[in-house]
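Peer 1: Modelling step: build the complete structure from the supplied sequences, incorporating the hints.
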Amino acid sequence: MLAIWRQAKADLLTRCVQSVLILLTVIGAATLITIGLTTTSSARRPFERVFEAANGAHIWITLRGSEEDIRDAAAKLAALPGVEASTDIRRITIGELFMSGEHETLYLEGISLELPQVARPVMTAGRYFTTGDTNAIILDKNMARERNVSVGDTVEFVTPQGRKPLCVVGLAINVEKGVYSPSGGRSLNFVPESLLPTLMQKLTQDYGQVGLRLYDEDSVRTIWQAAQVAAGNVTYDYKDWRDVRDSTGNLARINTVFLLVFGLFAMLSAGFIIAATIGGTVLAQYRAIGLLKAIGFTGRQITLLFVAENMLLGLLGGVIGLIGGLAASPLALQPIAEALNAPPVPVIDPVVVGLVLCGTVGLTAIFSLWPARQASRVPPVQAIRFGPEMPQVWPSQLAQLAARLKLSAVLVLGLKDTYARPGRAVLTTLSVGLGVLAVVFALGLTVTLDRFIADPSLFGVVYDASFRRNHDYVSDAEARSAMAARPEFRAFYGDVWNTVRLSGTETTFFAGFLEGDLEAFDFDITAGRMFQSPNEAVAGEGLLRMAGKSVGDELSVGTASGPLVLKIVGVTSLTGLDNSSRIFLASMDTLRQLGSDAEPLIYRVNLREDSDAKTFVMAVEKDTDGLLLGEVVDHTPPREILLLRPVVAGLALALSLIALMSVLNSVLMGVRERVRDLATFKAVGLTPGQVMSTVLVGAVALALVAIVVGLPVGVVFTYGAFVGLARWQGFTRAMPFVVNWLGLALVPFGMLLVAALGAALPARWAARIKVVDLLRYE
Amino acid sequence: MNTIIETKSLTKTYQSNGAVVHALRDVDLKVERGEFVAVMGPSGSGKSTLLHLLGGLDSPTSGKIYLNGTRVDNQSETQLAVMRRKSVGFVFQFFNLIGNLTVADNIELPGLLIGRPRRELKRNREELLAQLGIADRANFAPARLSGGEQQRVALARALINEPSVLLVDEPTGNLDSKSGAEVVALLCEFHARGQTIVLVTHDAKVASAAERIVFFHDGTVIAGMHMGSKRSQPDIVLQKLVELGG
Ligand SMILES: Nc1ncnc2c1ncn2[C@@H]1O[C@H](COP(=O)(O)OP(=O)(O)OP(=O)(O)O)[C@@H](O)[C@H]1O
Ligand SMILES: [Mg+2]
Chain A
1 MLAIWRQAKA
11 DLLTRCVQSV
21 LILLTVIGAA
31 TLITIGLTTT
41 SSARRPFERV
51 FEAANGAHIW
61 ITLRGSEEDI
71 RDAAAKLAAL
81 PGVEASTDIR
91 RITIGELFMS
101 GEHETLYLEG
111 ISLELPQVAR
121 PVMTAGRYFT
131 TGDTNAIILD
141 KNMARERNVS
151 VGDTVEFVTP
161 QGRKPLCVVG
171 LAINVEKGVY
181 SPSGGRSLNF
191 VPESLLPTLM
201 QKLTQDYGQV
211 GLRLYDEDSV
221 RTIWQAAQVA
231 AGNVTYDYKD
241 WRDVRDSTGN
251 LARINTVFLL
261 VFGLFAMLSA
271 GFIIAATIGG
281 TVLAQYRAIG
291 LLKAIGFTGR
301 QITLLFVAEN
311 MLLGLLGGVI
321 GLIGGLAASP
331 LALQPIAEAL
341 NAPPVPVIDP
351 VVVGLVLCGT
361 VGLTAIFSLW
371 PARQASRVPP
381 VQAIRFGPEM
391 PQVWPSQLAQ
401 LAARLKLSAV
411 LVLGLKDTYA
421 RPGRAVLTTL
431 SVGLGVLAVV
441 FALGLTVTLD
451 RFIADPSLFG
461 VVYDASFRRN
471 HDYVSDAEAR
481 SAMAARPEFR
491 AFYGDVWNTV
501 RLSGTETTFF
511 AGFLEGDLEA
521 FDFDITAGRM
531 FQSPNEAVAG
541 EGLLRMAGKS
551 VGDELSVGTA
561 SGPLVLKIVG
571 VTSLTGLDNS
581 SRIFLASMDT
591 LRQLGSDAEP
601 LIYRVNLRED
611 SDAKTFVMAV
621 EKDTDGLLLG
631 EVVDHTPPRE
641 ILLLRPVVAG
651 LALALSLIAL
661 MSVLNSVLMG
671 VRERVRDLAT
681 FKAVGLTPGQ
691 VMSTVLVGAV
701 ALALVAIVVG
711 LPVGVVFTYG
721 AFVGLARWQG
731 FTRAMPFVVN
741 WLGLALVPFG
751 MLLVAALGAA
761 LPARWAARIK
771 VVDLLRYE
Chain B
779 MNTIIETKSL
789 TKTYQSNGAV
799 VHALRDVDLK
809 VERGEFVAVM
819 GPSGSGKSTL
829 LHLLGGLDSP
839 TSGKIYLNGT
849 RVDNQSETQL
859 AVMRRKSVGF
869 VFQFFNLIGN
879 LTVADNIELP
889 GLLIGRPRRE
899 LKRNREELLA
909 QLGIADRANF
919 APARLSGGEQ
929 QRVALARALI
939 NEPSVLLVDE
949 PTGNLDSKSG
959 AEVVALLCEF
969 HARGQTIVLV
979 THDAKVASAA
989 ERIVFFHDGT
999 VIAGMHMGSK
1009 RSQPDIVLQK
1019 LVELGG
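Protein chains in written order, with our numbering: chain A, 1 to 778; chain B, 779 to 1024.
There's no promise every hint is true.
Stated by the list, open to error - Cross-link-like lysine to aspartate or glutamate pairs, in silico, DMTMM-like; alpha carbons within 20 Å at most:
1. A/LYS177 x A/ASP218
2. A/LYS770 x B/ASP851
3. A/LYS177 x A/GLU96
4. A/LYS177 x A/ASP243
5. A/LYS770 x B/GLU855
6. B/LYS864 x B/GLU813
Treat the hints as calculated values from the structure; they're not laboratory data.
Peer 2: Pasting the structure below:
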């Protein structure tokens, strides 16, 4: 055993350059995987901390009904077995808040003046409410930073009675809703509960919610079932704390997946390099191996020798990569940590450490096993006397081949050399192929994101701006003429949302009734078609599931104005106010037929090309004396998706570098093994330039094969990844797969360059071989 | 007569580990067309160095080398390589055949380099292999040939382009005496057809095949002699010189 260890050490040192190359690739792969795994395992940590600090509720149950119904139900819920503690009834309203001249739609939650025991806001600045706080507000910390509001500032909430000034007394984080983002999740802010009724919209008056802290944090579903039994149909909906936690983790999740996938690619590449290298070592040390066997090493020990050597490299690379990855992961954790005001310290998870080390050691072992087995089969006597068997000599003639390939003899020599070791050629090709794949993917992602940014309707957003009308102040006609008066205006539709009841049940849900220039909007209908006449509807998946219906079926519902029978003609991807997708959309005429005087409360506007939505919204607000408040639809893709671009570009670069190393390694071995042949070439009359070409042409040939194979595979992989990504991110319509033809056309050149760069150094050595020095000795 | 090779004050010094080694000092040598010259001398006397300089595999520290009247000592490596293809054939002690090329490909390689037509090259190669007695080995891998056969292939490769001069370094050093004798006999045969040959050896028997022997010692020519008809006499002189040097 000691002998094996000594031999292994000596081997590693003699193959210094190669050992370093392998080590570097393993380190790279291990770093990527470590960052990926650590972010995954640590992503929940900041949330868990805040959740503890807030003494967060594990389940939030939305109740709907009269005051008494809600109070009654809340008491029942608090008494359920398994419930440790519960919040008071909290009411939430949605509305517009003016902050430093701009306004934003957000949630306001009424909360007791005394800091609650369960689900309290976690203060990051200022103070909590005190008695006497009548016009105070605690703002979401992330929104306040985005909007440049600080403690002491005054903000104004739009109420039916006009704008109500509120004083910001503190900033806080909450764990009830996901993290605020300017382009996505709305912020949750707190006001004293006595203040809320004066700020409330009609729509949200008959709702309240109760947060329950459970003994068993994973018993959410059981509790929800018990709640439904206890409080009947006053229980409307529930929210699981784990969903909120995971949605915070999402900030880092997509990147994590890519880190992991590309880390595995890098690991594979490292494996290919290892296998090729050991193959080369076995050849170079053929005699020595024979000798080892002659002095009593068994075949198994020889195998062990080579495997152990590389496992050592794997372990070393794994440890360094692990440290590097842990050091780098705060970077990946930064967004989550910042949003939750927690330090981005990665947790050193023993599972991650184990996975990374086992991964690197295991992979190096697996990839070294096959060539090491070959070493173990070296016949000792022959090896000592004759050295390794010569590679297969092609039966075809050099001259004929050159003529057939229309290449000079020099280039054919290079090709023959490269494919003289087919195993190594294949392994190198695979490494380069992975590089090609990564680059193709990065290109695909970049153009696709550009497409999304240019055409946000792909994200399911079909309008440029929206207005919320308060019917006490602005009439429908006024709103329409104010919008249409602007030169930027192109088309609008208006909608009003009503609660409807599924006939024969007590179950209620939301329905949107639309009118306006619907043809001008590109609604996302995932199946069937958009409704075209009254009594037709498109339904959300959630409603279809709940009602057990599908496209073509009829749906009976009860509305405030009377019963309705609708024909479901399509499926919409909209999810509605409560994100449950228990909704349907129908024409407003459907309501009017029942004698309702429904009018739109929300207007969605499409603008002419090249017009500025912000200018438009501000102008309309001004023309209506600030009574019709608008919102510009943020068309930039979510931050986490934009972040993908640099991440994936970096990963593609990393894999290209590994491809380069792989080429460098295999060409280096080739040159070393064939140094006498190369010297002989020179003696026979090959110029240094020609010697260089024979070496380069081999690398280029490998790269060409890798490109021919890697490009289509890369395109297919990218397509598959996009489909998966789209599904995961909840885009119901297929992510448009944009092909960057120019980019794809450049990939071959880029990869050839990579291969040439990798081969350049050994090729130069080859060109500089001193014939005289080599011919003096055998 | 016309001179194929001429060196003037050819000097080569090596710098190894700080010590200066004078491998060649002021060597003046002339080889005429069709001549068969053997270079003899003890180990380390500079024989191989001379051959390498003549073939342009290395460049001299000072002095001049003319090949076919053209000065070659100041040419670039590339120019020398191009010169070698046409004008110089090398045969080394360790055959130096390309392992993954067949015998036929090994032999044709220099011909392909100067762009000779395939058919002519093939005919030429077949003739050579026949003359060397290994016609049936054309499609063999070099590793499957015996040492003597390999050296014959090397010879064929050196001769394929009908070079002005054939430079041979210890061709028999790695062969048993029978194979060695066969290779020497072949050299004589080619010389008889007009091939200029410079042969390096420290084997007196091998050297005696030449018309003229040049004796090297410590990097300089210490004697030269033309081989007459009386064969016994030079053998004695030779033996003496070798003893003196070795
Ligand atoms: N590249 C080199 N670096 C340093 N010294 C060298 C080099 N090549 C040759 N020499 C030295 O130059 C001298 C002449 O060497 P050379 O090989 O020409 O001798 P030789 O006569 O061919 O000997 P042998 O009969 O052993 O082949 C020797 O002392 C040798 O050690
Ligand atoms: Mg020598």
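Peer 1: Sort out whether B/GLU813 lies within 20 Å of B/LYS864, counting only the CA atoms.
Peer 2: holds (18 Å)
Peer 1: Mind checking the alpha carbons of A/LYS177 and A/ASP218 for me, to see if they're no more than 20 Å apart?
Peer 2: OK: A/LYS177 and A/ASP218 at ~18 Å, within 20 Å.
Peer 1: Given the proposed pairing of A/LYS177 with A/ASP243, does the C-alpha separation stay at or below 20 Å?
Peer 2: holds (9 Å)
Peer 1: For A/LYS177 and A/GLU96, compute the direct alpha-carbon distance and say whether it is at most 20 Å.
Peer 2: holds (18 Å)
Peer 1: Does the structure keep A/LYS770 and B/ASP851 at a Cα separation of 20 Å or less?
Peer 2: Distance of about 16 Å is within 20 Å: holds.
Peer 1: For the pair supplied as a hint, A/LYS770 and B/GLU855, confirm whether the alpha-carbon distance does not exceed 20 Å.
Peer 2: holds (11 Å)
Checked against the numbered hints given earlier, the structure satisfies every one of them.
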